[in-house]
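Based on these hints, arrange chain G on the given structure of chain E.
Chains E and G are the protein sequences, given in the same order. Counting in our numbering, the first sequence runs from 15 upward without gaps. Counting in our numbering, the second sequence runs from 15 upward without gaps.
These are calculated hints, taken from the structure and not from any lab test. It cannot be assumed that every hint is accurate.
One copy or any two copies: either way a pair holds, since identical chains are not told apart in the list.
[To be verified] Straight-line Cα separation of at most 27 Å, DSS-like style, residue types lysine-lysine; simulated pairs:
(1) Lys21 - Lys96
(2) Lys182 - Lys446
(3) Lys111 - Lys96
(4) Lys21 - Lys272
All of these numbers come straight from a predicted model, not from anything done at the bench.
There are 2 protein chains.
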Amino acid sequence: MSTEEKKIPHKIYLDENEIPRQWYNVRADMKNKPAPLLNPGTLEPMGYEDLRPVFCDELIKQELDNDTRFFDIPEEIVDYYKTYRPSPLGRAYNLEKALGTPAHIYYKFEGNNTSGSHKLNSAITQAYYAKLQGLKGVTTETGAGQWGTALSMACAYFGLDCKVFMVKVSYEQKPFRREVMRTYGASVTPSPSTETNIGKKILAEHPGTTGSLGCAISEAVEVATSNDGYRYVLGSVLNQVLLHQSVIGLETKTALDKYGITADIIIGCAGGGSNLGGLISPFVGQKLRGEQDYRIIAVEPKSCPSFTRGKYAYDFCDTGMVCPLAKMYTLGSGFIPSPNHAGGLRYHGMSPILSQLYDDGIIEATSVEQTAVFEAAELFAKTEGILPAPESSHAIRTAIDEALKCKENGEAKNIVFGLTGTGYFDMVAYEKYNDGAMSDYIPTDEDIAKSLAGLPNQPE
Amino acid sequence: MSTEEKKIPHKIYLDENEIPRQWYNVRADMKNKPAPLLNPGTLEPMGYEDLRPVFCDELIKQELDNDTRFFDIPEEIVDYYKTYRPSPLGRAYNLEKALGTPAHIYYKFEGNNTSGSHKLNSAITQAYYAKLQGLKGVTTETGAGQWGTALSMACAYFGLDCKVFMVKVSYEQKPFRREVMRTYGASVTPSPSTETNIGKKILAEHPGTTGSLGCAISEAVEVATSNDGYRYVLGSVLNQVLLHQSVIGLETKTALDKYGITADIIIGCAGGGSNLGGLISPFVGQKLRGEQDYRIIAVEPKSCPSFTRGKYAYDFCDTGMVCPLAKMYTLGSGFIPSPNHAGGLRYHGMSPILSQLYDDGIIEATSVEQTAVFEAAELFAKTEGILPAPESSHAIRTAIDEALKCKENGEAKNIVFGLTGTGYFDMVAYEKYNDGAMSDYIPTDEDIAKSLAGLPNQPE
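Excised from the complex, chain E in its bound form:
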């Protein structure tokens, strides 16, 4: 906590040659490994060959590897990282002043690229391995649009075809996100669509549906597995994604170390877990190895509280039930989150790695209401000059709450949070907030019990 304030700039930029050359695999340091993916029919663990029809070969190896501590980052990916990394670690001097807190607030800002979020870190990686394997293209789903945008940028760079199923409600409400993807050459289809069997089935059963992430995943997987030269890629939840996203945490740690700062609290928003998992990985590693203790807080919306009100169990990852089962904190794959503008935090489940860490008490979790989140977003925008994404603003809310506790207790703690992205494509949400028309829907216990009743049979 003894930092020489004068020396810390508003934004810490590392040099280009300080971009990590290896991803860190936190599973290598976990005593309790994340549970394996299961075949939904046989409930047997899925191996390399089982997953090959769906995922790229090299990515499956990363997915299944619980032991290798570091993976070399291919030169071609480092080259692309150089177009937008290292990302800055900001010191929120103005926010601290506005709060009157003795705490020092830092944020790792991943929004300074056209995709507007951290998703590009994994998108460029997955596109690279698809290209390396000689594939024609990849399919994916996108909800809020950050992942689809990132993937379309990555595919344009490597000359791959990119087919995105976009949750219909987002497709209609976020035409500009869609146009960014089209500008990068991706084809974008509203989901559910008539291009897939699962899409047709869902449309027949629910004619007026505006779609869901789970449904879009099913469609993307179906197209990948029924077309030669295509594979499915996913922007969150999976172990491989957390591996790629470890660049966030590694850079954060390098920047902190450079200025002799030791974090006391590390905070990130959690939807599927890609950002949080990436940010905290090296810190969790230290904690698991007994080198350093940290408070690590996952923040989720009260409208979709997987950690704080969900169950740790095997569940379907998608609505169509074509994906493997994953053991995770889940609200049930049939859970319909109440309206919330943080589209990236509306997934019913949570990364198996983070689920295991939470179950083991290595990380904690909290949930926050939407209006309070936008209040925090507005204060951050006005003081620090960055208009944050609604998702990221969950972390801001909790960072502010912790900074205010520090004020009460007179503690100059170092608080680090992940600012995953910008809110430029979320102005409909801000408009609602500016108009005072924002609501805080919270699911009832009955809602959650009902969707949890749909969990599949659990293995022995």
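Same frame as chain E, now just chain G:
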């Protein structure tokens, strides 16, 4: 031209303490000074007292000062600059590779802040001096929205009231820009409005009008001059704005010098001239002092060609004719630019400083068609990962054209251009381009002759 390629990173970030501490006033080095503003009634030069009802005191001093070479930047402004400056100087390695050019292409990227453009550099300065003078607030106009956004951020920071008149067509087509301003606490009124006499007059004469920048300026000036504690501020054209924007050029020069790079060609888009003037100021200074020669190119849209087809004459700055007359390259204040998506480049006139430099042959100018501009934008987005603003893409187009000439001639020239901003709020334009529905309207000679016929009487 002898640069050691290996050592130049993809993005050159200066340290926080390398932010300029003084603005550079290029007028001090001009033999032919820019012509003074005139009273539209008497055709007499306007002095300090004449301008006080409209502009902030300190800013008028800057406006009228043709001799002071450097102005100290107040500490409070430097503090704010630190939240988003120094801005990076990018090396477009991937674009060079895609073009197969031996040229080295650099871009000064001003889009990495929430306003999405360089406008914040002057906005925070003008807000600071308004606050210093004890004013309640400021009024302004905005077309494309970048300036209004920047000013609303600046006013939120200093606790000033901010009243923005937004050209009606932009207000309707860019609701998200409007929401960003509202999030920062600004009030945003579509122009022409019934809140001003000039607005009512224009609405009575042209009931279906969608507004113009010239009209919005008149409204903003009227509100500022008829309310106690308010002044009018402007984001381009004026000498003071070019002074503030000199931080762009000063940082660019520091970054180039650091790596031993000498620019051969410097390129910027030109609407009112704020970005171009800021970017080139220190380089023009060297050229005027005979220290170093540069090719300096202003790029404008073929649909609004002030430099390349306009006349160097005194003209009205606004439609309502309430502003002083300025001597500039102009198409006539009645010029109605044909539809073009680069809203920031649709002003009929041009900065008096740049106009004088162009007239003296210090800088050159070119004009480009819209479709070719978006082709350049798409290539830049795909290779360099940044989705550029339509305005900035004019500079990209010309930078690419020059790089292709280098390819033909086998010349490894250093090309530097200003990437003024991002295109996140311009996706309607990209959608048109993606749909192949973009048009290239070019005014006829008759169109231009007709609007130039409306020039005011010229002084002796």
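Against the structure, the hints come out as follows:
no.: 1; hint: Lys21 - Lys96; in the structure: both (26 Å within a copy, 13 Å between copies)
no.: 2; hint: Lys182 - Lys446; in the structure: both (20 Å within a copy, 21 Å between copies)
no.: 3; hint: Lys111 - Lys96; in the structure: between (33 Å within a copy, 15 Å between copies)
no.: 4; hint: Lys21 - Lys272; in the structure: both (11 Å within a copy, 22 Å between copies)
Going through the hint list in order, the structure satisfies each hint without exception.
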